[in-house]
Amino acid sequence: MTQDRIRNFSIIAHIDHGKSTLADRILELTHAVSSRDMREQVLDSMDLERERGITIKAQAVRVEWKGHQLNLIDTPGHVDFTYEVSRSLQACEGALLVVDAAQGTQAQTLANAYLAIENNLDIVPVVNKIDLPSADPDAVAREIADLIGDDPEHVLRISAKTGQGVEDVLDAIVERVPAPSGDPDAPARALIFDSSYDQYRGVVAFVRVVDGSFSTREPLRAMALGTRFEAEELGFFSPTRSAASTLEAGEVGYVITGLKDVSRLRVGDTITSERRPADAPLPGYKEVKPMVFSGLFPTDSDAYPELRDALERLKLNDAALFYEPETSQALGFGFRCGFLGLLHMEIVRERLEREFDLDLIVTAPNVAYRVKPPNGEWKEVHTPSDMPNEVEEVEEPYIEASIIVPKEYVGAVMELNNDRRGTFDHMEYLSEQRVHLTYELPLAEIVLDYYDQLKSRTRGYASFDYDMIGFRPGKLVRVDVLVGGESVDALSLVIHRDSAYDRGRALVERLREEIPRQHFDVAIQAAIGARVIARETVKARRKDVLAKCYGGDISRKRKLLEKQKAGKKRMKQVGMVEVPQEAFLAVLNLSDEKKS
Amino acid sequence: MSLGARHLYVHLPFCAHRCGYCDFVTVVGRHSQHAEYVEALLAELELERGVLAPQLETVFLGGGTPTFTEPAALERLLASLPPASEVTVEANPETVTQELARMLRAQGVNRISLGVQSFRPHLLEVLDRVVQPDTVRRAFYHLRDAGFDNISFDLIYGIPGQAPSDLDADLADALELGPEHLSCYELEAKHGTRFTHAHGEELERQADAMEWYFELVVERLTGAGYRWYETANFCRASERDLRSRHNLAYWLGRDYLALGVGAVSTIGGRRWRNTPRLAGYMQALESEIAPEREIEPLSHDVQRRERVMLGLRLDEPLVLGDLAGVVDERAVSRLELLGLVRSDANRQTLALTPRGRFLGGGVTADLLV
Chain W
21 MTQDRIRNFS IIAHIDHGKS TLADRILELT HAVSSRDMRE QVLDSMDLER
71 ERGITIKAQA VRVEWKGHQL NLIDTPGHVD FTYEVSRSLQ ACEGALLVVD
121 AAQGTQAQTL ANAYLAIENN LDIVPVVNKI DLPSADPDAV AREIADLIGD
171 DPEHVLRISA KTGQGVEDVL DAIVERVPAP SGDPDAPARA LIFDSSYDQY
221 RGVVAFVRVV DGSFSTREPL RAMALGTRFE AEELGFFSPT RSAASTLEAG
271 EVGYVITGLK DVSRLRVGDT ITSERRPADA PLPGYKEVKP MVFSGLFPTD
321 SDAYPELRDA LERLKLNDAA LFYEPETSQA LGFGFRCGFL GLLHMEIVRE
371 RLEREFDLDL IVTAPNVAYR VKPPNGEWKE VHTPSDMPNE VEEVEEPYIE
421 ASIIVPKEYV GAVMELNNDR RGTFDHMEYL SEQRVHLTYE LPLAEIVLDY
471 YDQLKSRTRG YASFDYDMIG FRPGKLVRVD VLVGGESVDA LSLVIHRDSA
521 YDRGRALVER LREEIPRQHF DVAIQAAIGA RVIARETVKA RRKDVLAKCY
571 GGDISRKRKL LEKQKAGKKR MKQVGMVEVP QEAFLAVLNL SDEKKS
Chain B
2 MSLGARHLYV HLPFCAHRCG YCDFVTVVGR HSQHAEYVEA LLAELELERG
52 VLAPQLETVF LGGGTPTFTE PAALERLLAS LPPASEVTVE ANPETVTQEL
102 ARMLRAQGVN RISLGVQSFR PHLLEVLDRV VQPDTVRRAF YHLRDAGFDN
152 ISFDLIYGIP GQAPSDLDAD LADALELGPE HLSCYELEAK HGTRFTHAHG
202 EELERQADAM EWYFELVVER LTGAGYRWYE TANFCRASER DLRSRHNLAY
252 WLGRDYLALG VGAVSTIGGR RWRNTPRLAG YMQALESEIA PEREIEPLSH
302 DVQRRERVML GLRLDEPLVL GDLAGVVDER AVSRLELLGL VRSDANRQTL
352 ALTPRGRFLG GGVTADLLV
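Protein sequence lines, in the order shown, are assigned to chains W and B. Using my numbering, you'd call the opening residue of the first sequence number 21 and step up by one each time. Using my numbering, you'd call the opening residue of the second sequence number 2 and step up by one each time.
Derived by calculation from the structure, the hints in this document are not laboratory data. Some hints could be false.
When the alpha-carbon atoms are kept at most 25 angstroms apart in a straight line, the in silico DMTMM-like pairs for lysine to aspartate or glutamate are as follows [said to hold, decoys possible]: (1) W:K583 - B:D323; (2) W:K583 - B:D167; (3) W:K588 - W:E415; (4) W:K585 - B:D323; (5) W:K495 - W:E412; (6) W:K568 - B:E205; (7) W:K563 - B:D323; (8) W:K392 - W:D377.
Sequences and hints are given; from them, build the entire structure.
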């Protein structure tokens, strides 16, 4: 198809504003799927996505509308995935900006709209859910128009649920989104914007062809890594896989590479033809730096190789995932993993457990720190136990938080941010009811439970997004935890000096509850360097017997004993002390303690 | 090498009423069925006689309340059972009359296990026991008068409402009578029983207290010259070996045949449990066929584990031999270091130290591979 009949677009929306429903309706309307076969939210192929109602991986679907080829490139909607959104946006010329008619603009709407504008995309604004009784389409249309500098009359009003107005959306895409403008005769170049792995066919790359064209069986090369492979199969999704003999300039589709080693093809790289290679790759993506880290350890230490393989697979289409081997005295061999944020961490963990059937212990998350030892060089630390005892200076990452909230909750949000070492930056009214607040906060203050707190203090009305704004000095100390006199590396934490005592206190108290009584007294201590700041004791058991045992009781007693034995096997040995795996999560739950 | 089981258990399920905390197979009343049930027992004995050794070491009549059984039926049963060097009958104090004591003695019974439970009236009431403290004493003297020189008391601690002073007084009262043997159990209230329902909160309080109630029991009884020969069992130190030979058979992993409704036998690597339904049991044996049974094959590995689990309940060291294979060497070293286990120089034997015995459950779980 000639490029002037191609339109590549994404849908950007806050979570639950109806992106997936709109995508489904578009597929239905263009006969890509019959309504009988329609599963709700066709695009979200992973179970996990379907269950959580969020979209993790971008994926592209081709549909036909009035003689045009429309490629819908799906984008994730959550705060952690800004990076992936920008990846998807680079493969498009336009974006549908979808906003809920009852809820109005949310923090992510702002973030993603700005992202689209930065990527020079043409925006088609859409107010969705106009069928809701609480909908106020005109007010929301004014908000959007204000945001993107458009006329409110230009904002489409639809209900993806009922289908009302969806045809107008398709027409608007054809009319308002520019056609691709690559050179069909130039040496072929395609941007890899996503990939997946098929057990039989190897790495599958999702590409946007910019210049030239590709055909089946053609020898290809990934320009950054130099990996050579053959296009075993080309094609597109509509939404099921359809093979095609060529992919032309402007088109979006997939390339089956046959590559079995997932590390040899990277998202963001440019594919070119071996026969007539391009001189320069397309502009790639800026490397994103993970800012939240935690240790992932297999419950069963024999599963370490499986965990390594699984991480390698995930990394394939999750370039933001970072991992390096880590050895913990308490937890054995595992990986220190870096994530974009907490949700990203949670999703990686769930995918590892669900798709790869691994049982994991995930240590409490922490952020990256920059430290300068006395007379030493600055270095970055990803693990609290790597933080040197003696430091001259420490820096921690800061974010700019963007929060949109009904005006009656402004006080609650300010209080939360003050508690979290936040600095007020800016406040503006988006409408009479809704306020946009910005704060600067240490990232460490939001990695644990900030989002939950924000939601509960605003009855769920607040929306939140953030941007990294760099490292800043902080008065930080490392708190170590000693169980039975042995330091437990997996429980160390880095924390602001002012809250070290409270946290240390809360942590040892929580551990006292989590560690079962043993055959001897177990001291649990929190310490900064050699100074113990909190101490608790798990008193020794004095009695642990199966009272009476005669002929008729033996089988039952044996089973009880086996159960007790199995329970012990699930524990991790710290010196002589048996520590249940839950105890390693104790750091995560400290905030409950603080509140009460 | 097995020449047949040398230990026989006979279950008599009948009781005057059901005590709230009890989880044995029991049947209330049914006097009319007692004689018939005894015939069923004897029929089962006939069916299984082949698994018994020619000469038995022990016979144990348990329940239920064996002494609640119609005297004539009980007498017929005792007269028909094979002789043994230790014949024990469980008795509830309120059932022990002069006549009964004499009859038992005449029928070759030489050991009585008396279900005392407590000497405190308010605690006996909690346990649904109809007995008065004096009844216990009277029963005890009837038995002594009839010539019983081997009497055991069952005591229970951790009863809802029990104060430490109550337990102390119970132990003192028991010691004053001077039985040859004492079994002291913590009250095990099963979830979902009406007893647990009625006493839930108080049972939780008792669970905390139980830790040192157990220590108190061991301290008092060993202080009075009793040997703590098994986790919950004590015998007077004497020239006679006053340990329960029948129960020792269980703890040493010997084969035993058990007759009666709900009774569990273990012979030659096979364990079976008779149906707990009285009607089903009697019907089957009326037709001279074995009652419905639940069978549990015991692998070599399971048998060895059980022998470790049971053997470590005793004060005498467990001779390891082929049991070494199911014992975790490193756990032995660790537990020795903690003073919970002792072993001889070549690790041929294993025993728990006194402190290890208080923690016997957890320590055994540690020791098994």
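*List in ascending order the numbers of the hints, as given earlier, that are violated by the structure.*
2, 3, 7 and 8
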